[in-house]
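Novice: The numbering used here puts the first residue of the sequence shown at 1, with every later residue one more than the last.
What the hints contain is simulated information worked out from the structure, not anything from laboratory work.
Just so you know, nobody snuck in bad clues.
DEER-style ranges, computed between Cβ atoms:
| # | residue 1 | residue 2 | range |
| --- | --- | --- | --- |
| 1 | ARG216 | ALA44 | 22 to 32 Å |
| 2 | GLY146 | ASP170 | 11 to 21 Å |
| 3 | ASP80 | PRO153 | 19 to 29 Å |
| 4 | ALA218 | GLY26 | 27 to 37 Å |
| 5 | VAL2 | SER193 | 23 to 33 Å |
| 6 | THR117 | GLY26 | 20 to 30 Å |
| 7 | PRO37 | GLY136 | 45 to 55 Å |
| 8 | LYS50 | GLU263 | 18 to 28 Å |
| 9 | ASP143 | GLY220 | 38 to 48 Å |
The beta-carbon is built from N, C-alpha and C at its ideal position, and this holds for glycine as well.
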Amino acid sequence: MVTRAVSTWSLHRTLGRFTGPDSKFGGGSVSDAVPAPDALPLLALPAELKRHGYETVQICHFHLPSRSPTYLGELRAALDESDIVLDAILIDDGDLTSATAADGAEAWIGEWLDTATALGARRARVCAGRSTPTAGRLRQSADRLGRLAASHPEVRMVTEDWMELLPDADSVLTLLAATGDTIGLMIDLGNWSGPGKYGELARIAPFAETCHAKCRFAGGDPDREDFSASLQILKDAGYDGPLALIYDGDDDDEWTALDTEFEIVRSVFG
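Let the hints inform the model, and build the full structure from the sequences given.
Specialist: Pasting the structure below:
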(Lines of atoms letter the chains of each structure in order from A and count residues from 1; the text may use other names and numbers.)
(Lines give C-alpha, C1' and ligand atoms only; values in the text may rest on other atoms or scores of the structure.)
Protein backbone atom coordinates (compact mmCIF):
# COMPACT_ATOMS: atom_id res chain seq x y z
CA MET A 1 0.00 0.00 0.00
CA VAL A 2 1.40 3.39 -1.04
CA THR A 3 1.61 5.99 1.71
CA ARG A 4 -0.32 9.07 0.64
CA ALA A 5 2.11 11.96 1.05
CA VAL A 6 2.34 15.55 -0.16
CA SER A 7 4.59 18.59 -0.02
CA THR A 8 3.14 21.89 1.14
CA TRP A 9 4.47 23.38 -2.10
CA SER A 10 1.65 21.49 -3.82
CA LEU A 11 -0.79 23.39 -1.59
CA HIS A 12 0.86 26.80 -1.87
CA ARG A 13 -2.36 28.39 -3.14
CA THR A 14 -4.45 26.65 -0.49
CA LEU A 15 -2.11 28.16 2.11
CA GLY A 16 -2.70 31.59 0.60
CA ARG A 17 0.59 31.78 -1.34
CA PHE A 18 2.16 32.58 2.01
CA THR A 19 5.89 32.94 2.61
CA GLY A 20 7.18 33.46 6.12
CA PRO A 21 8.95 36.60 7.34
CA ASP A 22 12.09 34.69 8.31
CA SER A 23 12.55 32.48 5.27
CA LYS A 24 15.28 34.09 3.15
CA PHE A 25 18.97 33.62 3.84
CA GLY A 26 20.27 37.03 4.81
CA GLY A 27 16.89 38.19 6.13
CA GLY A 28 13.38 38.72 4.85
CA SER A 29 10.99 36.39 3.08
CA VAL A 30 11.44 34.36 -0.09
CA SER A 31 8.97 36.75 -1.72
CA ASP A 32 6.76 39.61 -0.60
CA ALA A 33 3.70 37.36 -0.44
CA VAL A 34 1.31 37.64 2.50
CA PRO A 35 -1.54 35.22 3.22
CA ALA A 36 -4.66 35.59 1.11
CA PRO A 37 -7.80 36.37 3.16
CA ASP A 38 -9.19 32.87 2.60
CA ALA A 39 -5.89 31.09 3.27
CA LEU A 40 -5.84 27.85 5.22
CA PRO A 41 -3.56 28.40 8.24
CA LEU A 42 -0.68 25.97 8.48
CA LEU A 43 -1.92 24.90 11.92
CA ALA A 44 -5.17 23.77 10.29
CA LEU A 45 -3.43 21.85 7.51
CA PRO A 46 -2.88 18.55 9.37
CA ALA A 47 -6.61 18.07 9.95
CA GLU A 48 -7.32 18.96 6.31
CA LEU A 49 -4.69 16.50 5.14
CA LYS A 50 -6.29 13.79 7.23
CA ARG A 51 -9.69 14.62 5.75
CA HIS A 52 -8.27 14.18 2.25
CA GLY A 53 -6.69 10.83 3.10
CA TYR A 54 -3.07 11.87 3.53
CA GLU A 55 -0.74 10.28 6.06
CA THR A 56 2.54 12.12 5.50
CA VAL A 57 3.61 15.69 4.74
CA GLN A 58 6.75 17.57 3.81
CA ILE A 59 6.72 21.24 4.88
CA CYS A 60 8.55 23.96 2.96
CA HIS A 61 10.56 26.07 5.37
CA PHE A 62 9.01 29.28 4.03
CA HIS A 63 5.50 28.14 4.92
CA LEU A 64 6.25 28.50 8.64
CA PRO A 65 4.83 31.84 9.87
CA SER A 66 6.82 31.63 13.10
CA ARG A 67 9.62 29.64 14.67
CA SER A 68 8.81 30.53 18.25
CA PRO A 69 8.84 27.54 20.63
CA THR A 70 5.14 28.10 21.27
CA TYR A 71 4.20 27.97 17.58
CA LEU A 72 6.42 24.99 16.84
CA GLY A 73 4.85 23.16 19.76
CA GLU A 74 1.37 23.93 18.45
CA LEU A 75 2.24 22.70 14.96
CA ARG A 76 3.81 19.52 16.28
CA ALA A 77 0.72 18.89 18.40
CA ALA A 78 -1.57 19.48 15.39
CA LEU A 79 0.40 16.92 13.36
CA ASP A 80 0.23 14.42 16.21
CA GLU A 81 -3.49 14.93 16.76
CA SER A 82 -4.22 14.18 13.10
CA ASP A 83 -1.71 11.29 12.91
CA ILE A 84 0.22 13.04 10.14
CA VAL A 85 3.88 12.07 9.84
CA LEU A 86 6.27 14.96 9.16
CA ASP A 87 8.63 13.33 6.68
CA ALA A 88 10.75 16.40 6.05
CA ILE A 89 11.31 20.10 6.41
CA LEU A 90 12.34 21.38 2.98
CA ILE A 91 15.01 24.05 3.41
CA ASP A 92 14.94 25.90 0.10
CA ASP A 93 17.60 28.60 0.53
CA GLY A 94 21.29 28.84 1.40
CA ASP A 95 24.21 28.13 -0.95
CA LEU A 96 26.87 25.89 0.60
CA THR A 97 29.18 26.44 -2.39
CA SER A 98 29.07 30.24 -2.48
CA ALA A 99 32.48 31.87 -2.78
CA THR A 100 31.46 34.62 -0.35
CA ALA A 101 28.53 33.42 1.76
CA ALA A 102 28.96 29.68 2.37
CA ASP A 103 29.84 30.10 6.06
CA GLY A 104 26.73 32.18 6.66
CA ALA A 105 24.60 29.76 4.68
CA GLU A 106 25.87 26.84 6.74
CA ALA A 107 24.99 28.62 9.98
CA TRP A 108 21.56 29.65 8.63
CA ILE A 109 20.77 26.10 7.50
CA GLY A 110 21.85 24.87 10.92
CA GLU A 111 19.21 27.07 12.52
CA TRP A 112 16.56 25.51 10.28
CA LEU A 113 17.80 22.05 11.22
CA ASP A 114 17.14 23.07 14.82
CA THR A 115 13.59 23.92 13.73
CA ALA A 116 13.18 20.56 12.00
CA THR A 117 14.35 18.83 15.16
CA ALA A 118 11.90 20.80 17.31
CA LEU A 119 9.05 19.77 15.02
CA GLY A 120 10.01 16.10 15.21
CA ALA A 121 10.69 15.85 11.47
CA ARG A 122 12.21 12.60 10.30
CA ARG A 123 14.33 14.41 7.74
CA ALA A 124 15.44 17.81 6.53
CA ARG A 125 16.23 18.43 2.88
CA VAL A 126 19.13 20.78 2.17
CA CYS A 127 20.23 22.15 -1.21
CA ALA A 128 23.76 20.91 -1.92
CA GLY A 129 24.81 24.07 -3.76
CA ARG A 130 24.09 26.70 -6.39
CA SER A 131 27.34 26.47 -8.37
CA THR A 132 28.19 24.28 -11.36
CA PRO A 133 29.81 21.03 -10.23
CA THR A 134 33.56 20.67 -9.96
CA ALA A 135 35.50 18.22 -7.83
CA GLY A 136 36.37 21.01 -5.41
CA ARG A 137 32.83 22.31 -5.07
CA LEU A 138 31.40 18.84 -4.57
CA ARG A 139 34.01 18.24 -1.86
CA GLN A 140 33.19 21.58 -0.23
CA SER A 141 29.48 20.78 -0.22
CA ALA A 142 30.10 17.30 1.17
CA ASP A 143 32.23 18.70 4.00
CA ARG A 144 29.62 21.30 4.97
CA LEU A 145 26.74 18.84 4.73
CA GLY A 146 28.69 16.41 6.87
CA ARG A 147 29.30 19.01 9.57
CA LEU A 148 25.63 19.97 9.61
CA ALA A 149 24.58 16.34 9.91
CA ALA A 150 27.04 15.67 12.72
CA SER A 151 25.77 18.65 14.71
CA HIS A 152 22.10 17.67 14.25
CA PRO A 153 21.93 13.91 14.85
CA GLU A 154 18.23 13.95 15.75
CA VAL A 155 17.15 14.64 12.17
CA ARG A 156 18.22 12.77 9.05
CA MET A 157 19.72 15.12 6.48
CA VAL A 158 19.04 14.52 2.80
CA THR A 159 19.86 16.43 -0.33
CA GLU A 160 18.10 16.41 -3.70
CA ASP A 161 18.89 16.09 -7.42
CA TRP A 162 18.28 19.80 -7.68
CA MET A 163 19.91 23.13 -8.47
CA GLU A 164 23.19 23.83 -10.21
CA LEU A 165 25.54 21.58 -8.23
CA LEU A 166 23.59 18.38 -8.92
CA PRO A 167 22.41 18.50 -12.54
CA ASP A 168 23.05 14.83 -13.32
CA ALA A 169 23.66 11.40 -11.85
CA ASP A 170 27.46 11.75 -11.87
CA SER A 171 27.36 14.78 -9.57
CA VAL A 172 24.77 13.21 -7.25
CA LEU A 173 26.71 9.96 -6.93
CA THR A 174 30.00 11.78 -6.37
CA LEU A 175 28.47 13.82 -3.56
CA LEU A 176 26.85 10.79 -1.93
CA ALA A 177 30.12 8.87 -2.09
CA ALA A 178 31.93 11.77 -0.43
CA THR A 179 29.41 12.00 2.41
CA GLY A 180 29.21 8.28 3.07
CA ASP A 181 26.20 7.29 5.14
CA THR A 182 25.77 10.71 6.72
CA ILE A 183 23.60 12.24 3.96
CA GLY A 184 20.65 10.61 2.23
CA LEU A 185 18.94 11.31 -1.08
CA MET A 186 15.54 12.78 -1.80
CA ILE A 187 14.87 12.00 -5.44
CA ASP A 188 12.73 14.43 -7.42
CA LEU A 189 11.18 12.88 -10.51
CA GLY A 190 10.62 16.19 -12.26
CA ASN A 191 13.79 18.22 -11.83
CA TRP A 192 15.67 16.71 -14.75
CA SER A 193 14.53 16.63 -18.36
CA GLY A 194 15.80 15.71 -21.80
CA PRO A 195 16.37 12.41 -23.59
CA GLY A 196 18.70 11.08 -20.92
CA LYS A 197 16.36 11.74 -17.99
CA TYR A 198 15.24 8.17 -17.35
CA GLY A 199 18.73 6.74 -17.52
CA GLU A 200 19.98 9.38 -15.08
CA LEU A 201 17.11 8.73 -12.66
CA ALA A 202 17.74 4.99 -12.85
CA ARG A 203 21.33 5.50 -11.70
CA ILE A 204 20.36 7.39 -8.54
CA ALA A 205 17.04 5.68 -7.73
CA PRO A 206 18.65 2.85 -5.69
CA PHE A 207 20.00 5.47 -3.27
CA ALA A 208 16.70 7.31 -2.70
CA GLU A 209 15.02 7.17 0.70
CA THR A 210 12.33 9.77 0.14
CA CYS A 211 10.83 11.32 -2.97
CA HIS A 212 9.21 14.27 -4.67
CA ALA A 213 6.71 12.61 -7.02
CA LYS A 214 6.39 15.50 -9.44
CA CYS A 215 3.98 15.30 -12.36
CA ARG A 216 3.96 17.92 -15.10
CA PHE A 217 0.63 19.31 -16.30
CA ALA A 218 -0.13 20.97 -19.64
CA GLY A 219 -3.50 22.53 -20.36
CA GLY A 220 -4.89 20.96 -17.21
CA ASP A 221 -3.84 17.44 -18.24
CA PRO A 222 -1.10 15.43 -16.53
CA ASP A 223 1.83 14.03 -18.47
CA ARG A 224 0.87 10.48 -17.57
CA GLU A 225 3.49 8.87 -19.78
CA ASP A 226 6.44 10.71 -18.24
CA PHE A 227 5.16 10.43 -14.67
CA SER A 228 4.43 6.71 -15.00
CA ALA A 229 7.83 6.02 -16.55
CA SER A 230 9.60 7.90 -13.75
CA LEU A 231 7.60 6.09 -11.08
CA GLN A 232 8.37 2.74 -12.70
CA ILE A 233 12.08 3.48 -12.40
CA LEU A 234 11.62 3.94 -8.66
CA LYS A 235 9.57 0.77 -8.35
CA ASP A 236 12.14 -1.24 -10.30
CA ALA A 237 14.83 0.03 -7.90
CA GLY A 238 12.89 -1.39 -4.95
CA TYR A 239 11.87 1.99 -3.58
CA ASP A 240 9.56 1.80 -0.57
CA GLY A 241 9.72 5.31 0.93
CA PRO A 242 7.24 8.18 0.87
CA LEU A 243 6.03 9.48 -2.50
CA ALA A 244 5.29 13.12 -1.72
CA LEU A 245 3.11 14.47 -4.51
CA ILE A 246 4.28 17.69 -6.17
CA TYR A 247 1.82 19.83 -8.10
CA ASP A 248 2.46 23.29 -9.50
CA GLY A 249 0.19 23.36 -12.55
CA ASP A 250 -2.05 26.20 -13.67
CA ASP A 251 -5.33 24.97 -12.17
CA ASP A 252 -5.89 26.41 -8.70
CA ASP A 253 -7.85 23.32 -7.63
CA GLU A 254 -4.83 21.72 -6.01
CA TRP A 255 -6.65 18.95 -4.17
CA THR A 256 -8.27 17.61 -7.35
CA ALA A 257 -5.00 17.73 -9.28
CA LEU A 258 -3.30 15.86 -6.46
CA ASP A 259 -6.02 13.21 -6.58
CA THR A 260 -5.21 12.76 -10.27
CA GLU A 261 -1.52 12.37 -9.48
CA PHE A 262 -2.24 9.82 -6.76
CA GLU A 263 -4.29 7.72 -9.18
CA ILE A 264 -1.24 7.51 -11.44
CA VAL A 265 0.97 6.59 -8.48
CA ARG A 266 -1.40 3.78 -7.54
CA SER A 267 -1.49 2.52 -11.13
CA VAL A 268 2.27 1.94 -10.91
CA PHE A 269 2.84 1.02 -7.26
CA GLY A 270 -0.53 -0.62 -6.57
